[in-house]
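Protein chains: 2
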Amino acid sequence: MKKIITVGREFGSGGRELGRRLAEELGFEYYDKEIVSEIAKKTSLSEGYVKSVLESKPHQLYPITIGRTMAIVGDYQFSQLQTVYQAQDSIIKDLASKSDCVIVGRCADYILREHDPYRIFVYADMESRLRRCRERAVEGEDLSEKALKQHIQDIDKGRAKYYDFYTGQKWGAKENYDLLLNTTDRDIKNLVPHLANLIRNM
Amino acid sequence: MKKIITVGREFGSGGRELGRRLAEELGFEYYDKEIVSEIAKKTSLSEGYVKSVLESKPHQLYPITIGRTMAIVGDYQFSQLQTVYQAQDSIIKDLASKSDCVIVGRCADYILREHDPYRIFVYADMESRLRRCRERAVEGEDLSEKALKQHIQDIDKGRAKYYDFYTGQKWGAKENYDLLLNTTDRDIKNLVPHLANLIRNM
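From first to last, the protein sequence lines are chains A and B.
Numbers in our numbering are just positions in the first sequence, counted from 1, shifted up by 1306.
Numbers in our numbering are just positions in the second sequence, counted from 1, shifted up by 1306.
Derived from the structure by calculation, the hints contain no laboratory data.
Any given hint might turn out to be false.
Identical copies go unnamed one by one, so any copy, or any two together, can satisfy a pair.
30 Å max Cα-Cα, derived DSS-like pairs, lysine-lysine [unchecked claim]:
1. K1476 to K1452
2. K1308 to K1452
3. K1480 to K1357
4. K1467 to K1339
5. K1452 to K1348
6. K1495 to K1348
7. K1404 to K1455
8. K1452 to K1404
No experiment lies behind these values; they were computed from the predicted model shown.
Sequences and hints are given; from them, build the entire structure.
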């Protein structure tokens, strides 16, 4: 069976960088945004729409349970959500069957639960996440401290809502992961080779 | 400043073994039960009594807040609790000032928070914890599955209550640790050298 590592992450924690570097270090494939493009292709929906579903914009996933969502969003919208979920499910399973890989986000830990993935969750304190966001901001992006903090919280709220809705589990709760890593004040580039070694020996 | 590693752990997760092996691997001192003996010596209380306080028997720590505890357990008992806490605090700080060390339990992560300890939490699913408890049981110890599960849950309830009471933080919640490790179906002896390497490079 292929070796699968999944990485859940708080926004700004460096989880994506950690996933990418881990894949490089281990010689695994790396999947992240590619999955959105694949879903869009498979469903003929726009990438923007797929992304908004996967980021759990409130009009699509509110409230939490499937039963109630059906009642509120209506049959057509619900059926589109189902289409996106099913495409995501099949694309992720397909990728995982092809080669050893690291998959960031997208509930891959849950979707691939029968493949026994090594499930990592990356998090950090707010100060460190604000700093990381500032460092990687493109020129011109200049949110106030308060607005950036709100942005981080909104994105994570969406991720948590989407994960909880889709998996019936709690996003970031330790029982759903094999290793949770706090990256506050840590140098991801430096730690990844050692993390890779630990995972190789788990 | 000395290097300090603290290990919080669910009962039966192998956290104590992990702490001991980690100390060996890193050439650090290792402290666990020694702390109870030291507290007993320092306070002239019996080891059994100190242990019962540290395991948070309900008559001593119920209910959770200090204010209410004072009202219910009475001044004398409260003052004895304070004595144990203060002794624990000073012994742990003293040990940490002497040499690099691994300390298991005892709220050491919180007590030594100004020394920037590397804070590990070890956990596992119930099935794996039951198995680990069976494997290390002394002859004659033969609890039913149900009774052993209850025993594990009771001990963890006590640890959580004691930790939450003493630190004002939540036991096992990821924001209070640097790394959380799920030891379900893992070989602790095998993984420790690699975990030690990761920690050396954090």
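Intra- versus inter-copy proximity for K1339 and K1467 (alpha-carbon distance at most 30 Å): within (19 Å within a copy, 43 Å between copies)
Same-copy or cross-copy closeness of K1452 to K1404 [CA-CA at most 30 Å]: The answer is neither: 43 Å in one copy and 43 Å across copies each exceed 30 Å.
30 Å Cα threshold - placement of K1348 relative to K1495: Classified as neither: same-chain Cα gap 35 Å, cross-chain 46 Å, threshold 30 Å.
Same-copy or cross-copy closeness of K1308 to K1452 [CA-CA at most 30 Å]: neither (43 Å within a copy, 37 Å between copies)
Homo-oligomer pair classification [K1455, K1404; C-alpha up to 30 Å]: neither (39 Å within a copy, 41 Å between copies)
Alpha-carbon proximity between K1480 and K1357, which holds within one copy, between copies, both or neither at 30 Å: Both: 26 Å inside a copy, 28 Å across copies.
Copy assignment of K1476 with K1452, given that the CA separation must stay at most 30 Å: both (27 Å within a copy, 27 Å between copies)
Homomeric proximity label, K1452 with K1348: Cα distance no greater than 30 Å: neither (39 Å within a copy, 49 Å between copies)
When held up to the earlier numbered hints, the structure conflicts with 2, 5, 6, 7, 8 and fits the remainder.
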